[in-house]
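From first to last, the protein sequence lines stand for chains A and B.
Residue 1 is where the first sequence starts when you use the working numbering, and the numbers rise one by one after that.
Residue 1001 is where the second sequence starts when you use the working numbering, and the numbers rise one by one after that.
Note that these hints are calculated values from the structure, not bench results.
Do not take every clue at face value.
Facing chain A, from chain B, some residues (calculated, C-beta under 7 Å) [claimed, not checked]:
1. Met1001
2. Glu1099
3. Pro1155
What the simulated footprint calls covered on chain B by chain A, stretch by stretch (three residues with Cβ under 8 Å from a Cβ of chain A suffice, anywhere in the stretch; the number is not a length) [unchecked claim]:
4. 1018 to 1031
5. 1103 to 1117
6. 1125 to 1139
To be clear about the criterion: a stretch of chain A counts as covered by chain B if any three or more of its residues have a C-beta under 8 Å from a C-beta of chain B, and this derived list gives those stretches [stated by the list, open to error]:
7. 261 to 270
8. 273 to 287
Just so it is clear, CB atoms sit at the ideal spot from N, CA and C, and this is done for glycine as well.
So the chains spell out like this:
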Amino acid sequence: MAQTEISATTTVREPIRSQAGAPVPTIDWTKYESKTYDELLAAAGTPRAAATELVRHLAGLAPEEVEDLKTTAEVAIQVMGITFTVYSDAGMIDRAWPFDIIPRIIPADEWQRTEAGLAQRVRALNMFIDDLYHEQRIVRDGVFPVELLEESVNFRPQCVGISPPNAVWAHICGSDLVRDGDGTVYVLEDNLRIPSGVSYMLENRNVSKRVLPELFATGRILPVDDYPAQLYDMLASMSPRQDVEPSIVVMTPGVFNSAYFEHAFLAQQMGVELVEGSDLIVGTDDCVYMRTIEGLSRVDVIYRRVDDMFIDPEAFNPDSVLGVRGLLRAWRAGTVALCNAPGAGVADDKVVYAFVPKIIKYYLGEDALIPNVPSYLCMNPKERDYVLANLDKLVVKPANESGGYGMLVGPHASAQKRAEFAELIKANPRNYMAQPTLSLSTTPTLCNGGVEPRHVDLRPFILSSGQDVYVTTGGLTRVALVKGSLVVNSSQGGGSKDTWIISSEDA
Amino acid sequence: MLSRVAENLYWMARYIERAEDTARLLRVTRHLMLDFPGTPSLGWSSLITITGAEDLFDEHYPRRDEASVVSFLCADRNHGGSILAALGAARENLRTTREVMPREIWEEINQLYLTVGNHLSGGIAQRRRDDFLRMVIRGCQTLVGLVEGSLSHGPARRFCEIGRLLERADMTTRILDVRSANLLPRNAEDLTPFENLQWMSVLKSLSAHQMYRQRTRNRVRGPDVVRFILQDANFPRSVYRCLDDLCRNFTALARHQDAVNAAAMSRDALLGASGDELARAPEQLHEFVDGVQIGFQRIDQTIRETWFAGLDAPAPVISG
């Protein structure tokens, strides 16, 4: 998860393109049928209340007009330079961001409940992380198994005893939400290390304003563009020097990172410097400075998009050339804030995930407002036996992979693949967990000249300063463009959509 | 501003200017060839000499004919000064620093690069070449205009200007050097009408003909041309004007003393030159231009040492 890149490696499918010459029918909603819960239509021909105007608008378009809108979006994406980077045999390529023009819609009253649930979750997770690096009460009280902590690959002994401002470790969290066939929304995973995708959420909105301006005229689509300002305020509140205007930087691994577009985008939107490791230096006073045309300039807050292991060759991976020697020393001395804090990833693995409802109960005394997907931990013999006996019905995930890699989707996998996974699980049970295959909800998507249901998830972003929690208005909707596919990662044939939170008529 | 960012902007601006100058040169050469067929100093081969990429060219192309030269200067990715490579390098420099620039500038350069790539992938038909070159020039001018109209007067803008001015001055001296090489007469009074036209070609290569006429109100004469291109205080492509503007831009930056000194030294050296003498003696002009170019290198080096300094360079801690 953590580095759940919205972009990444290996196999890439081309984004869906219009097929020149093929006859395109007008969108006919009476023929639209989803086998599961659909986000926009309650039944064929019947839009949900919040989606009524959009559905009517699209049905009123001639085929050429639909094609026109698609082209408008493609041109906008190319001109705006919205890209994601993929690696392939041919080297690194910048690809145009695959985008579907039909937005996904969520009614505002439903969204408020989700927001409250996400805020609750992140508050509890931050208390959990802070506890693990201090007294470990949750372990002593027998709620969280000590073996899990001992085997966690994301626990950083270097961080023990450090107290970041306001006890916040995961300042920026990206949680993935899915909806099951019966309409229930679940949290699928929490990304607490360096979650990405928020820039695409913002850019999708800019594209969709160019494509469907008529619908924005109603004023009921809630805006999303205050995110950079919220991010800036949160980062500023972390500055160790509250008496001066803080110097904030975004730290990127560099232009070759798959999420570089986003790093640059956020720095630009916040009006702060985008730095690479080599731009920074830790002085003998344990303060962090950046090299500028005027000399060395003090840095107060680093929004770092470099993985823990690479941020400081002195404290972590000694071979890292992306990091800054002494950065952890400066952080420990309290002269600089690191967001997210190193070590925050300890609460971000798929096995810890299964404990989140208990974590919420333990720290907040509340029941989780958004349920977890039922999860079977292979470390528990009983659950492991169940998983091994039901591999054809389950999705098996390794604890620490991102981007949908190393996963087994049981119902779609060959017998041989399932046998391979059975061996992997037996060899290292701690590293695997399984969940039932949800009947992921769908939303109408332009395909093959018409409209077809495609599976979607949603990644909202949550900012925590210790005083406030801010949740994005909606989030990034990712869509599996391949028919029947459940994999929404852009690196594996996924696309994205704008997400509209629609206030009710009388609001 | 980060040193790395300043350096990227400097190079971005140099590459945009390089692409524009190359497009101008190609465009003018085509017209000159029609007026002066068979004049070597105006031929396609001279363009390779001007860009200083003779070795690279000869390594990859058997002959300096029109098709090869045009392809080399427009589309060859091996040649950093080709229009495509220069725009690609400008885009790459901006890509890594786009957070400091207004978004329209990124969109424009991105689109210009993609459009140029598309045009070139279909080959450059002679008939459409002029349209293509005009598009490149207009695209580069749009970028300069966007910087002028949308980028605040701060360090980012200074480094864009500095890169552009230094590249422009460099190109001006190269054109003067090569284009006048074979046409300097032993005796300036012996000018034939034909040579007159050739001096005019030097002006045209720099889009300087009209402004020269307005300035001198006289027929085109070698010494006047040399003076105009090297010493005119008002023509934006004259070497003097570029260096003078460089000084002004440097002054707006912190720690500028060394750079101002370097640019002022080169600028003042220009005033010591005699147009009459240089126009009369080709070797002298060539030598003089060499000296000016060494001055440019000194300026570039001072810029790098002062503002882009690498890891070990001492830099003072500033407050804030």
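Agreement of hint Pro1155 (chain B) with chain A interface, Cβ distance less than 7 Å
Where the cut-off is 7 Å and the nearest Cβ of chain A is about 6 Å from Pro1155 (chain B), the hint holds.
Quick one: see if chain B covers the region 273 to 287 of chain A, three-plus residues with Cβ-Cβ under 8 Å.
holds (count 7)
So, as I understand it, the hint says Glu1099 (chain B) touches chain A; can you test that by seeing if any CB pair is closer than 7 Å?
Glu1099 (chain B) check passes; min Cβ-Cβ to chain A is 4 Å, inside 7 Å.
Using a Cβ cutoff of 8 Å, are there at least 3 residues of the region 1018 to 1031 of chain B near chain A, or does the coverage claim fail?
violated (count 0)
Test coverage of the region 1103 to 1117 of chain B by chain A using CB-CB distances below 8 Å; three residues minimum.
Per the Cβ count (6), the hint holds.
Mind checking, does the region 261 to 270 of chain A have 3 or more residues with a CB under 8 Å from chain B?
holds (count 4)
Can you confirm whether chain A covers the region 1125 to 1139 of chain B, using C-beta to C-beta distances below 8 Å and requiring at least three such residues?
violated (count 0)
Per-residue hint verdict: Met1001 (chain B), partner chain A, C-beta under 7 Å:
Given a least distance of 5 Å, the restraint on Met1001 (chain B) holds.
The structure is inconsistent with the numbered hints 4 and 6, although it conforms to all the rest.
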